[in-house]
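Colleague: Line order of the protein sequences matches chains A and B. If you're matching positions, the first sequence starts at 1 in this note's numbering and goes up one per residue. If you're matching positions, the second sequence starts at 1 in this note's numbering and goes up one per residue.
No lab work stands behind these hints: they were computed from the structure. Predicted model, so just to flag it, every value in this text is computed and none were measured. Worth double-checking, as some hints may not be accurate.
Stated by the list, open to error - In silico contact screen, one side only, chain A against chain B (beta carbon under 8 Å); selected entries:
(1) 14
(2) 16
(3) 23
(4) 26
(5) 37
(6) 201
(7) 250
(8) 400
(9) 581
(10) 584
(11) 694
(12) 703
(13) 708
(14) 710
Said to hold, decoys possible - Simulated restraints, written as ranges between beta carbons of each label pair:
(15) 147(A) <-> 59(B): 42 to 52 Å
(16) 416(A) <-> 125(B): 21 to 31 Å
(17) 442(A) <-> 117(B): 27 to 37 Å
(18) 117(B) <-> 211(A): 50 to 60 Å
(19) 145(B) <-> 703(A): 48 to 58 Å
(20) 125(B) <-> 152(A): 26 to 36 Å
(21) 442(A) <-> 9(B): 51 to 61 Å
(22) 685(A) <-> 53(B): 48 to 58 Å
(23) 156(B) <-> 573(A): 22 to 32 Å
Virtual Cβ for every residue (Gly too), placed ideally from N, Cα, C.
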Amino acid sequence: MKVVGKAYRKKDAMQLVTGKPVYTDDLKPNGCLVVKLLRSPHAHALVKEIKKDIALKVPGIVCILGWEDVPRTRFTLAGQTYPELSPYDHAILDQRLRCVGDPVAIVAGETEEAVDRAMKLIKVTYEELEPVLDYTKALDHPVVVHPEDDYQVLVPSINCDQKRNLITTEHFEHGDVEAQFKECTHIVEHTYHVRAVSQAMMETFRAYCYHDLYGRLVCVSSTQVPFHVRRVLSNALKLKKSDIRVIKPRIGGGFGAKQSVVCEMFPAVVTHLTGRPAEIIYTREESMTNGSPRHEMSVTVKLGCGDDGILKAMSMYTLSNGGAYAEHSPTTVGLSGHKGLSLYGTPKAYRFDYDVVYSNTMGTGAYRGYGATQGEYAVECAISELAEQAGFDPITFRKMNMVREGQIMPAYYGELCQSNALDRCLDRVCELIGWDEKYPAKRMENGKIRAVGVALAMQGSSISQVDEAAVELRLNEDGNYHMLVGSADMGTGSDTTLAQVAAEALECELDDIAVFGVDTDASPYDSGSYASSTAYLTGRAAYETAMELRKKMIHAAAGCLGIDEADVLFDGKTFSDESGLHSMTLRELGVHSLGGFSGRMLSASVSRVSPVSPPPFMAGAVEIEVDPETGKVEILQYKAAVDCGTVLNPNIARGQTEGGLVQGIGMTLFEDVQFTDKGKLRNNSFMQYKIPTRLDCGDLEVVFESSYEPEGPYGAKSIGEVVINTPAPALTNAIYNATGLRFYDLPIKAEQIALGLLHRDER
Amino acid sequence: MTITVTLNGKRITDDVAPDLLLYDWLRQKGCLSVKCGCETTNCGLCTVHVDGKPTLSCAMLAVRADKKTVTTLEGLQEEAIEFGGFMADEGAEQCGFCNPGFIMNVLAMKEEPDVYTWTDRQIKEYLEGNLCRCTGYAGHLRAIRRYLAARQEGMK
Chain A
1 MKVVGKAYRK KDAMQLVTGK PVYTDDLKPN GCLVVKLLRS PHAHALVKEI KKDIALKVPG
61 IVCILGWEDV PRTRFTLAGQ TYPELSPYDH AILDQRLRCV GDPVAIVAGE TEEAVDRAMK
121 LIKVTYEELE PVLDYTKALD HPVVVHPEDD YQVLVPSINC DQKRNLITTE HFEHGDVEAQ
181 FKECTHIVEH TYHVRAVSQA MMETFRAYCY HDLYGRLVCV SSTQVPFHVR RVLSNALKLK
241 KSDIRVIKPR IGGGFGAKQS VVCEMFPAVV THLTGRPAEI IYTREESMTN GSPRHEMSVT
301 VKLGCGDDGI LKAMSMYTLS NGGAYAEHSP TTVGLSGHKG LSLYGTPKAY RFDYDVVYSN
361 TMGTGAYRGY GATQGEYAVE CAISELAEQA GFDPITFRKM NMVREGQIMP AYYGELCQSN
421 ALDRCLDRVC ELIGWDEKYP AKRMENGKIR AVGVALAMQG SSISQVDEAA VELRLNEDGN
481 YHMLVGSADM GTGSDTTLAQ VAAEALECEL DDIAVFGVDT DASPYDSGSY ASSTAYLTGR
541 AAYETAMELR KKMIHAAAGC LGIDEADVLF DGKTFSDESG LHSMTLRELG VHSLGGFSGR
601 MLSASVSRVS PVSPPPFMAG AVEIEVDPET GKVEILQYKA AVDCGTVLNP NIARGQTEGG
661 LVQGIGMTLF EDVQFTDKGK LRNNSFMQYK IPTRLDCGDL EVVFESSYEP EGPYGAKSIG
721 EVVINTPAPA LTNAIYNATG LRFYDLPIKA EQIALGLLHR DER
Chain B
1 MTITVTLNGK RITDDVAPDL LLYDWLRQKG CLSVKCGCET TNCGLCTVHV DGKPTLSCAM
61 LAVRADKKTV TTLEGLQEEA IEFGGFMADE GAEQCGFCNP GFIMNVLAMK EEPDVYTWTD
121 RQIKEYLEGN LCRCTGYAGH LRAIRRYLAA RQEGMK
């Protein structure tokens, strides 16, 4: 292959590194109103009165909106394909406040100073209500988070029961799990806890809106899901989708946070009601307290095997905290088991049950890994523990049981595993880290302990039979192409990798394809950049579109040359017959297609829905050094081997992997989420919520062990999410190997290790 | 209050509120490369040079820049292209939002007298205050190593 697989620079790279104004707030029009939100101090309350007369007198204040002033609509902020599985439980503003920070009023003014002054002068009377803050007690709790009558469930099969605080529940069983467990000589069962960690993308939530020359609502948003933003705004404001246009400029990271339409409705309703351009920028605090974090989950895993070390049964029960609003709640939880359990192919029986509940804590959303992170953390910790109990080392045990190419995956929707290099990935990381010499641990002369840990991971590639992606390609008169995409490059480089796929199919240079995206008025439909879909699903659409355009160009060239279509040879530059007597250049065809000669503009657009969701796989191995005096864990090196199928661009794929690893390291060792007893988030800034710095992550090494996925473009699968899943279990396992302490809760903090060692020594 | 600042080589006199942050003033003046990521002086995105020293513009009042020289990435485009090329070749720019502040700090670091002898650890310590959520920092280090090597080569 000439273009696919090459480490091209991202098409937008030089604009980004030179600091050009390409992000939402850099592009806002003059005279944009400043929009801010007055937020609830209470975890559960009713708004009795909003006194805004004094605040409205502040010079420059344009409007103050309470729940009675905005359209009464109910919808979900989850960026998902319609009909969304997430219940319609959100309002623009509501009389009932369901978590600390829930918006009470929208304040818009000419300047930030005016808005800040007015916010202080609004007097709100609340009727405080008892909250349900502990999600483990939320099911059938007397306090109901969503008692409203206009609550709506679009997909009844999620088994929602709002009066029970139950968002979704399911039971899945393959084979006779109890009978299999009875035959097991070794069983491990534990509950693992993962908190509502924050994506902490560098650019917080933001959007601005204005009316265009037709009076339509335009929303420029830092989003991963432009077409879903359009639907959410249409639901919220009762506008036709054709009366809304959504534009995604460059965005400063998303990691799933921006798969929810968190802030767009606020400037939209201001523009809708005042006709003025309006912008909202969430502070870091707002992004942390009322964003769309990972679902807090308690994952109970039970695994059993015989003396031969072959798994007989795996079962999982996941309790997930949806918080105040159920964005992505019915879907994230499914991945904990359907992906977590599917890492292993030997069990004769699998069981997966789950409940997701409401509580009066912050609403939740999508974070890279989307539930698989939580489930695989639990499974991969339990597997290492079971291996030890059964007398096997963790590498051998995994090799004996891991899912293999050609297997049917019963817990993964019964899909056939068509591409899988997990065995090679595991071998590779063991070799790179020197597993045989280093496992399990070694005490250094200075008293510190070095140890290694390992974990496997998988994810999916797009949501099968749900999400849809289209690409449009146009031939220009100089023989170059325009490619229009609806998928959101969020720094992931997808504009570049998609063009690489099309360039390969059209046999042209990468520079011959200009990429445009995303503008819902111009881009072809794409459900958006989430669920590890872009490289795989939109990539396949790019391939199909390029092949369709090729066909059309050959047809047109045959007409021009007066030869049979079947005789046309095309090498990316010239159309000719075998003799070479008849030939024309691509440029000539471009001119021909756009002039008065043929009147046939040459373009193609193909959309793609995938019948399956092929898992990418990876193995991660970490070497740490623990100081038993302080409990501090230092990461020395992290080795990752990834099977994302064909690597479309090694630089971009490596960058995805390194970034995912460090996010995973953050949630394992540093990123803490604590609430006060009133339900207020304590860790609401980078002062209290520590994401990894460049001193915290050790030396990373990423290699690729590719399988070939027949459903993907040139054999590619996804990479964006799988890369976050190994650090939590690999580090937890390494810490056990170093200290003999098993931890079942994240993050694992230095003081817990130090205290754990102290207590162990006392015993 | 009236301030006179040499901003990216141009002398500007302006009337500013006493509580205006340098960060906000710079964006008002069209220096849109300067970004804000945290409001608590933890992320390094708003790093600019004040009299040549890397400074968090969100932690400094505009009035304190009076009679000083302030440089943003807009004023160091050639240097940005030079170092940025190494970033681009590693795919280490990713979303790009933290790039300007990070690059301003790298461009300050390269002036440290013994920087060519620094260990990876020293480089990481110098840049620790520049957070990035996309890259895992590994590509940054590769880019810096290649950039320093190329500069050293150019000096021979």
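Colleague: Given the hint of 21 to 31 Å, check if residue 416(A) and residue 125(B) actually sit that far apart at their C-beta atoms.
Modeller: 50 Å, violated
Colleague: Take the shortest C-beta to C-beta distance between residue 400(A) and chain B; is it under 8 Å?
Modeller: 32 Å, violated
Colleague: A range of 42 to 52 Å was offered for this pair. Does it hold for the Cβ distance of residue 147(A) and residue 59(B)?
Modeller: 46 Å, holds
Colleague: Quick check: does the Cβ-Cβ distance between residue 442(A) and residue 9(B) fall within 51 to 61 Å?
Modeller: Since residue 442(A) and residue 9(B) have Cβ atoms about 57 Å apart, the given range 51 to 61 Å holds.
Colleague: Within 22 to 32 Å: is that where the Cβ-Cβ distance between residue 156(B) and residue 573(A) falls?
Modeller: Given about 42 Å between the Cβ atoms, the range is violated.
Colleague: Taking the beta carbons of residue 117(B) and residue 211(A), is their distance inside 50 to 60 Å?
Modeller: The hint (50 to 60 Å, Cβ to Cβ) holds, given that residue 117(B) and residue 211(A) are roughly 59 Å apart.
Colleague: Quick one: are residue 685(A) and residue 53(B) within 48 to 58 Å, going by C-beta?
Modeller: 25 Å, violated
Colleague: Hint residue 710(A) vs chain B: min CB-CB distance below 8 Å?
Modeller: 27 Å, violated
Colleague: Classify the hint on residue 37(A) as holds or violated, based on whether any CB of chain B lies nearer than 8 Å to its CB.
Modeller: Since chain B brings no Cβ nearer than about 16 Å to residue 37(A), farther than 8 Å, the hint is violated.
Colleague: For the hint on residue 26(A), does the least C-beta distance to chain B fall short of 8 Å?
Modeller: This hint holds: residue 26(A) lies near chain B, its Cβ roughly 4 Å from the closest one there, short of 8 Å.
Colleague: Determine whether the Cβ-Cβ distance between residue 145(B) and residue 703(A) falls within the hinted range of 48 to 58 Å.
Modeller: Roughly 20 Å apart at Cβ, these two residues miss the hinted range, so it is violated.
Colleague: So, as I understand it, the hint says residue 584(A) touches chain B; can you test that by seeing if any CB pair is closer than 8 Å?
Modeller: 36 Å, violated
When each numbered hint is compared with the structure, violations occur for hints 5, 8, 9, 10, 12, 13, 14, 16, 19, 20, 22 and 23.
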